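Asks: Here the protein sequences line up with chains D and Z, keeping their order. FYI, the numbering for the first sequence is 1 to 408, going by this note's numbering. FYI, the numbering for the second sequence is 1 to 263, going by this note's numbering.
The hints are simulated quantities; they were obtained by calculation from the structure and are not laboratory data. Computed from a predicted model, the values in this text were never measured in an experiment. Hints may be right or wrong, so weigh each one.
Unchecked claim - Restricting the straight-line Cα-Cα distance to at most 20 angstroms, the calculated cross-link-like pairs of lysine to any residue (SDA-like) are: (1) K260/D <-> L230/Z; (2) K157/Z <-> R262/D; (3) K260/D <-> L150/Z; (4) K260/D <-> G28/Z; (5) K157/Z <-> D283/D; (6) K182/D <-> Q215/D; (7) K85/Z <-> R143/D; (8) K157/Z <-> R273/D; (9) K141/D <-> G28/Z; (10) K157/Z <-> A144/D; (11) K260/D <-> G235/Z; (12) K141/D <-> P86/Z; (13) K141/D <-> G31/Z; (14) K157/Z <-> V155/D; (15) K157/Z <-> L256/D; (16) K85/Z <-> Q145/D; (17) K157/Z <-> E299/D; (18) K85/Z <-> Q215/D; (19) K140/D <-> Q29/Z; (20) K260/D <-> G31/Z; (21) K157/Z <-> G284/D; (22) K157/Z <-> A298/D; (23) K157/Z <-> D289/D; (24) K141/D <-> R180/Z; (25) K140/D <-> G28/Z; (26) K260/D <-> W233/Z.
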Amino acid sequence: MSVVLVGISHHQAPVDLRERAALDLPRAADLAARLAGPDGEAVCLSTCNRTELYLADESGEDAERRAEAALLALETELGPALYRLRDEAAALHLFRVAAGLDSMVPGEGEILGQVRSAHDAGATGPILDRLFRQALHAGKKVRAQTAIGESPASVASAAAALAEQVFGDLSGRSVLVVGAGKVGELALRSLVSRGATISFVANRTLDRAAELAEQFGAEAVPLGRIDRELERADVVLSSTSASEWILTRDQVARALPARKGRSLFLIDLAVPRDLEPGIHDLDGCYLYDIDDLEAVVAETLAGRRREAEQAEAIVAAEADRFREWQASLDVVPAIASLRARAEEIRAAELRRAKLNDSERRAAESVTTAVLNKLLHLPTVRMKEAAAAADGVLYADAVRHLFGLEDER
Amino acid sequence: LAELLFWPALIAYGEAAVAYFGDARRPGQAGRLAIWGVRIGWLVQTALLAVQAARSDGFPWSTWATSLNLFVWLVVAAYLIWGCKPRFRLLGLAVLPLAVVLFALARAGGGTGVGSHRHYSNLFLVLHVGLVLVAFAGFTLAASLSALYLWQERRLKRHEASILRMRAPALARLDELAGRTIAVALPALTLGIAVGILRLRDQGGGFDALMAVTVLTWAVYGSSLGLRHLAGWRGRRAAYLILAGFVLVVVARLALPVTHFTS
Chain D
1 MSVVLVGISH HQAPVDLRER AALDLPRAAD LAARLAGPDG EAVCLSTCNR TELYLADESG
61 EDAERRAEAA LLALETELGP ALYRLRDEAA ALHLFRVAAG LDSMVPGEGE ILGQVRSAHD
121 AGATGPILDR LFRQALHAGK KVRAQTAIGE SPASVASAAA ALAEQVFGDL SGRSVLVVGA
181 GKVGELALRS LVSRGATISF VANRTLDRAA ELAEQFGAEA VPLGRIDREL ERADVVLSST
241 SASEWILTRD QVARALPARK GRSLFLIDLA VPRDLEPGIH DLDGCYLYDI DDLEAVVAET
301 LAGRRREAEQ AEAIVAAEAD RFREWQASLD VVPAIASLRA RAEEIRAAEL RRAKLNDSER
361 RAAESVTTAV LNKLLHLPTV RMKEAAAAAD GVLYADAVRH LFGLEDER
Chain Z
1 LAELLFWPAL IAYGEAAVAY FGDARRPGQA GRLAIWGVRI GWLVQTALLA VQAARSDGFP
61 WSTWATSLNL FVWLVVAAYL IWGCKPRFRL LGLAVLPLAV VLFALARAGG GTGVGSHRHY
121 SNLFLVLHVG LVLVAFAGFT LAASLSALYL WQERRLKRHE ASILRMRAPA LARLDELAGR
181 TIAVALPALT LGIAVGILRL RDQGGGFDAL MAVTVLTWAV YGSSLGLRHL AGWRGRRAAY
241 LILAGFVLVV VARLALPVTH FTS
């Protein structure tokens, strides 16, 4: 039984090509069901970075042809961007994908959920079920044993992570948003997702401020009220298009006595900057502008790449385990037949013997033990041979020697 | 037996101290080795203290060196409360090297052996020495938390790009924990001093330099708590004040006890 993978990803296919081959979950499930047919196995993994078809079939060539045809039916121009992998290479690829090692941002965590959804929606049998379960296991293991997913990979999440470095848990922390444009919205959402509360949105145009404030259950205030709200805010997020300082060092300094030693974290995403850099020199004030945040992200991405080396070793070991399991499938039927034949002979001979109950029990026990001991070593050796790729030869030899051909 | 227990404890603390430096460079396995070193070292030292208690006919930690041994045990115990949490592992960088040095000093002064002589009643020693040592251990932990606060604050102020790669506890958490630790340690010191003063009144004796430094330490930490709650002294200023108090703890612990214990 072969595992076949045919797909496209961000490595070879630009976004305009990927979006034409992207499938939502119900369509991916339909495609998998069609490719699998009544007895086969197929899973379609479709994300913004990739569309991949995994098939398990007796004939690798045939499965590959069907998968290619299915993808080309989605978009005829996919041809040059398609990649094809088989068995161990396909498994290693899926494990790397699940671990986030094949993602644009190494270690991103969303892919693990997408692999799980694809597995759930797929038409799986023993092979692909095992493959995807092991991929999910590899993905979780990488996240547990390395720090690949711990650091933020975007300016927005870096800003929120830095706020956590000041306040710890952001639950109940109050955010003052200055500027109601799109620039700061991602950072805003990142802060909210970590428990922060958007208290005030200040903007030159109060209508736009009210619109954003309504989304987050905050109060819209005019820019002139910033001074007053500074006394209460824990985080200030600014992203206006103003050409002069929106907040000066003196304004913040005036607010400090009323804050009674509470720290103030300020995020300036605007270019030109909104917040006077001198604010950072004030006691308890931490100001990060876009360059500072981008430097942090660059460093964390470098850290992720370093962690990726350790993660690669983990997924390679998992891929080895899958290969061994897959290889053992070649010999399992032969082992089962051999044991069944031996058991059949043992039972028949015992039936023929004239024994009382206690003698029969003793004979049962002894013959079973002899059988198990006799078959133990050949079983182990066949599994070892399977792992070393000689499994089929050994299985055929066993079938021939013990006359098991009919049970194939 | 005490001798046999000393070396494994010292080696375990030493291993932990080295591993913490490794963990600071590359977080992960070294951190786990470090925390196990601390746990094993502390358990072995607990056994050592138990042996000392069993072999002594009174309070066994009444000398300068033996009390240093107990002090190290208390500091490591206080550290273990927080140090097991990954974010607080970095505290080990300050606590464990200190523990190793003080533990070795305790041995050099004969504080890890058995059979010490007592000069005072057991109750007095347990209350006075025990409470003061508990307080000093608390102040040591608070000083470590404050040092970590200042280090973390400096990284934020310098916009260090690696700040999220090697994460320390949040500033607010460090500040709050240092404050809480002092809030627990200060009453212990107050009681310990009160017991000492009562004994001084009953049995007479001079007011020595150690007593003066201890009372000064109490005043510094008392004002640190007062300023925190009444004037909102938090963050960097509070951390500096806690570290200033710790300098007095070091003086009291290392330099002056020689005169106090022999008086």
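Asks: Run every hint past the structure and note whether it holds.
Replies: Here's how the hints hold up against the structure:
Restraint check for K260/D and L230/Z: the C-alpha separation of about 10 angstroms stays at or below 20 angstroms, so the hint holds. Straight-line distance between C-alpha atoms of K157/Z and R262/D comes to about 16 angstroms, which keeps the hinted pair within the 20 angstroms bound. Restraint check for K260/D and L150/Z: satisfied, since their Cα atoms lie roughly 19 angstroms apart, inside the 20 angstroms limit. With a C-alpha separation of about 38 angstroms, the suggested pairing of K260/D with G28/Z is violated against the 20 angstroms cut-off.
In summary, the hint linking K157/Z to D283/D is supported, as the alpha carbons are separated by about 10 angstroms, within the 20 angstroms threshold. Between K182/D and Q215/D the alpha-carbon distance is near 13 angstroms, which keeps this suggested pair within the 20 angstroms criterion. The suggested pairing of K85/Z with R143/D holds, with an alpha-carbon distance near 18 angstroms, which does not exceed 20 angstroms. Proximity of K157/Z to R273/D is assessed by CA-CA distance (about 18 angstroms); at most 20 angstroms being required, the pair is judged to hold.
With a C-alpha separation of about 14 angstroms, the suggested pairing of K141/D with G28/Z holds against the 20 angstroms cut-off. Simply put, K157/Z and A144/D have alpha-carbon atoms about 31 angstroms apart, too far for the 20 angstroms limit, and the pair is violated. For the proposed pair K260/D and G235/Z, the alpha carbon gap of about 11 angstroms is at most 20 angstroms, so the pair holds. The hinted pair formed by K141/D and P86/Z meets the criterion: a straight-line CA distance of about 18 angstroms does not exceed 20 angstroms.
The straight-line distance between the Cα atoms of K141/D and G31/Z is roughly 19 angstroms, inside the 20 angstroms bound, and the hint therefore holds. With a C-alpha separation of about 18 angstroms, the suggested pair K157/Z and V155/D falls inside the 20 angstroms cut-off, and the hint holds. Between the alpha carbons of K157/Z and L256/D the distance comes to roughly 17 angstroms, so the proposed pair stays at or under 20 angstroms and holds. Restraint check for K85/Z and Q145/D: satisfied, since their Cα atoms lie roughly 16 angstroms apart, inside the 20 angstroms limit.
Pair hint K157/Z plus E299/D holds up; C-alpha atoms about 17 angstroms apart against a cutoff of 20 angstroms. At roughly 37 angstroms between alpha-carbon atoms, K85/Z and Q215/D are farther apart than 20 angstroms, so this suggested pair is violated. For the suggested pair K140/D and Q29/Z, the alpha carbons sit about 18 angstroms apart, so the restraint of at most 20 angstroms is met. Distance hint between K260/D and G31/Z is unfulfilled; the C-alpha atoms sit about 36 angstroms from each other, more than 20 angstroms.
This hinted pair checks out: K157/Z and G284/D have alpha carbons roughly 9 angstroms apart, not beyond 20 angstroms. Of the supplied pair hints, the one linking K157/Z and A298/D holds, its CA atoms being roughly 18 angstroms apart against a limit of 20 angstroms. For the hint linking K157/Z to D289/D, the alpha-carbon distance of about 12 angstroms falls within 20 angstroms, and the restraint holds. At roughly 37 angstroms between alpha-carbon atoms, K141/D and R180/Z are farther apart than 20 angstroms, so this suggested pair is violated.
For the suggested pair K140/D and G28/Z, the alpha carbons sit about 17 angstroms apart, so the restraint of at most 20 angstroms is met. With a CA separation close to 7 angstroms, the supplied pair K260/D and W233/Z stays within the 20 angstroms bound.
The structure fails to meet hints 4, 10, 18, 20, 24 from the earlier list, while all remaining hints are met.
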